[in-house]
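Mind docking chain X on chain E? Use the hints.
2 protein chains.
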Amino acid sequence: MRYELYYWPGIQGRGEFVRLALEDAAAPYRDVCRGSNRTPESPQAFAPPYLKAGKLLIPQTANILLYLGPRLGLAPRNEAQRLRLHGLQLTIADWLVEVHDTHHPIAASLYYEDQRAEARRRAAIFLSERLPKFMAYFEKAVDDKFSYVHLSLFQMIEGLQYAFPNAMRKMKFPKLRKNHERVARRPRLAAYLSSKRRIPFNQHGIFRRYPELDERS
Amino acid sequence: MRYELYYWPGIQGRGEFVRLALEDAAAPYRDVCRGSNRTPESPQAFAPPYLKAGKLLIPQTANILLYLGPRLGLAPRNEAQRLRLHGLQLTIADWLVEVHDTHHPIAASLYYEDQRAEARRRAAIFLSERLPKFMAYFEKAVDDKFSYVHLSLFQMIEGLQYAFPNAMRKMKFPKLRKNHERVARRPRLAAYLSSKRRIPFNQHGIFRRYPELDERS
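First to last, the protein sequences are chains E and X. The first sequence: position 193 = 247 (my numbering), numbered continuously. The second sequence: position 40 = 94 (my numbering), numbered continuously.
For reference, chain E alone in the conformation it holds in the complex (with noise of 0.2 Å):
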């Protein structure tokens, strides 16, 4: 089976904890929109990424992982526990959504210099009650046995400390910085984190860096 990838070809967004799986996975896959002038979008998806697996177009990134685990070996296959790594992955997309909307608390679709001074007051409450509670709640469920959400832990991590490297420096998570630490280590992850496929951190994607949202140094 070749998989194909559609997302926006110039951020790593949610299509990155795809993007990951399937390079650990060493799947084949096409990235459809990368180097084209194709678009992501579907009417069959309300928004990207989505998956296309032979005749199946599955929507909605945790709803993907779910889908791939046990096919790339990321997730064991009997029921119970598929249905408590996607409860986690879902708790991440959660988490993801509040990580976006620091810098976009009032639209999407405004810049975020228009929005600025709400999400200074997003920012400062997301990095004071809501991080350390996620943190907390993954730091004691992330596990030995490895799976896809144990990736997009590596990929939560990764991004947290590009966007908010003050607030990051000053948490305790060993456990989850163990994950991270060892996700980057894996040789097909470390072979792909540093070729020209990972797209790097900008200020188009969800992790963005705005010194001002972050906490003093």
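Calculated from the structure, these hints are not laboratory results. None of the hints are false.
One copy or two, it doesn't matter: identical chains are merged, so the pair holds either way.
Pairs of lysine to any residue residues, derived as SDA-like cross-links and limited to a Cα-Cα distance of at most 20 Å, are as follows:
#, residue 1, residue 2
1, 187, 151
2, 109, 135
3, 187, 99
4, 106, 127
5, 194, 209
6, 199, 110
7, 187, 94
8, 194, 101
9, 224, 263
10, 187, 213
11, 187, 197
12, 109, 130
13, 199, 232
14, 187, 162
15, 106, 132
16, 187, 62
17, 187, 93
18, 187, 95
19, 250, 212
These numbers come from a predicted model, not from an experiment.
Relative to chain E, chain X alone:
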């Protein structure tokens, strides 16, 4: 199997999407925190609702419905259809976050009164841009094969008409309206909706009526 639903006892909220499925299927369940002092919080779930089903503890609304769907006769058993319905349910979850954030764009932990100016900005763009986009997507996606997604779309329309009566009156959505009417007439659902088990909409839930956030009549 007697299911146990854990959710906040005073609001419809996310728990209602699960209640509608359980009620429509006449499934034996206990709404554990109703009429008791128990809290629906658990270290295993980042946030309520979660469902206990035998030894399983399933967090995240859409995950619960993914599990319950085929068991309650509200989703087919084949994977392609389940993934399709789940993709729709996850998009409903995204929509619901945006509804919530119309009145709480800065933080769930602050009072509405402390983020009213931001709420007006966010709600106006939600009503002009996002609501029509979600409605148009689901107007096409809703089909004749009944499922838990149809119950959730009933709840979305019901809640939006409560929160934004003026904006909703101006919108055309014949299929979603027809689905809303059909669901309300299903015998078990009708019995549930007129029972005391159905918590009325109120100013603590996700759908709230703040006239200043709605369009003018």
